[in-house]
Amino acid sequence: MKTIKILSVIAISLLAFNCSNDDNEMDQIITPTGPDFSGTYTQDDQMGRPAVNTVFVSSSSKDMFNVTTPATQSAAFQSMFQTNLLALSPAYADGGMNALGQDAAAFTTLLATDVLGVSLDGTTTFYDGTNVLTGRALADDVITVELLLIFGGEDFTENPGLSNDNVDANDKDFLPSFPYLASPW
Amino acid sequence: MKNLKKVLGIGIVAAATFFIVAADHIDAPAVQGGSSDITDFYAFQGANASNLVFAANIQGLLSPANTSTATFDENVLVEFNIDTNGDYVEDLVIQAIPRDGKMYFFGPVAPSQTGTSSNVETSATATGVVDITAYDSSANIATNSGMSFFAGPRDDPFFFDFAQYSEIIAGNASSFNMPGSDTFAGSNVMSIVVEVPKAMIGGSGNINTWVVTKRK
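Those protein sequences? They're chains A and B, same order as listed.
Here the first sequence is numbered in our numbering, starting from 1 and rising by one per residue.
Here the second sequence is numbered in our numbering, starting from 1 and rising by one per residue.
Here chain A stands alone, though its shape is the one from the complex (with noise of 0.2 Å):
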């Protein structure tokens, strides 16, 4: 009897041991176990670079456009970039370029692939008078770099009135860490 009382209390013990453990455990875990995460998400919204669905897909194609993976964007809208840079900006008549260097065609190939390249190895900005397309800061003026790649021309000095919204920052300054963006108002 006696040494069934003593292996009783051993397992109820190690019962207790098990069930402390798997609470510790518990705490401890940063994967989260408990959520439900089944099931199949499917594509609504994509996004790369900024204004682009905006202002180079015409209205009937912004949905499929947005549910088009990058790998085929090219081949499927690069001709109506084409199309809707040239009656948009006069900058690109007559073989004009951008200061880029690049024609309507070589812009809108850059364009319709919608992905943002980004550096690894230093400076990240959209442009900052020197680096172009290494990335996308808070404090990049995207819409003004825009603006003057498509209507400033080959120096950025073709429709002055068109190509800069002079606004120039935000309304909040960022912060110098982690999370970056400002508080809400």
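I should point out that these hints are in silico values taken from the structure, not numbers from a laboratory.
For every residue, glycine included, the Cβ atom is placed at its ideal position computed from N, Cα and C.
Incorrect hints may have been included.
Claimed, not checked - Listed below are the simulated BS3-like cross-link pairs for lysine-lysine, each with C-alpha atoms no more than 30 Å apart in a straight line:
| # | chain 1 | residue 1 | chain 2 | residue 2 |
| --- | --- | --- | --- | --- |
| 1 | A | Lys172 | B | Lys198 |
| 2 | B | Lys102 | B | Lys198 |
| 3 | B | Lys216 | B | Lys102 |
| 4 | A | Lys62 | B | Lys216 |
| 5 | B | Lys102 | A | Lys172 |
As the list claims (entries may be wrong) - For the chain B half of the interface with chain A, some residues (derived, Cβ under 10 Å), not all of them:
| # | residue |
| --- | --- |
| 6 | Asp24 |
| 7 | Tyr88 |
| 8 | Thr133 |
| 9 | Ser148 |
| 10 | Phe162 |
| 11 | Ser175 |
| 12 | Val189 |
Using the hints provided, position chain B relative to the given structure of chain A.
Frame of chain A; chain B shown alone:
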């Protein structure tokens, strides 16, 4: 100006409803104004130059009054796509999905399938979870394995005189104003920010990135 008007297909309506489109705010009929509508995407080197920061903003043009009740949709997966070999197909993804007041992160991880359909990559070894920051609270930041995570309302970092742009498109103006006026001043977005060591996403060289929202 006639050409501008024709191309964008907006016309005089734009003058009345000038919040039509911007960086990617309300860019297309199927998503505009909904819980999966991406407003902006940023990718930049972190304060620690060994890290890269990805920021996705959704649900734009939130007034301060509406921000306090804004939430992330548990049926919407936000996915950062990373192409490390230049073929415009994602080699790695970082997924963010909310559950019960927390934002869960999976990746960077090679996705089990590429393209417009996804499952949540729950077997990823790189993961994180952060309490979603409430309006008027200081930012909750979580870290794990060298990564940092944030989710919650922020000031919309986008700036643009969109009202004047719309006047130009509508044929009511021939140029921007000097100075311009930031149409997005005073408005908020719902933000997801994740900072990752560059070593986890290719290390060096150039990558292509884009952000998508996917709905269950």
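Do the hints match the structure? See the list:
no. : hint                   : in the structure
1   : Lys172(A) to Lys198(B) : holds, 28 Å
2   : Lys102(B) to Lys198(B) : holds, 25 Å
3   : Lys216(B) to Lys102(B) : holds, 18 Å
4   : Lys62(A) to Lys216(B)  : holds, 21 Å
5   : Lys102(B) to Lys172(A) : holds, 26 Å
6   : Asp24                  : holds, 4 Å
7   : Tyr88                  : holds, 4 Å
8   : Thr133                 : holds, 9 Å
9   : Ser148                 : holds, 5 Å
10  : Phe162                 : holds, 8 Å
11  : Ser175                 : holds, 3 Å
12  : Val189                 : holds, 8 Å
Hint compliance for this structure: no hint is broken.
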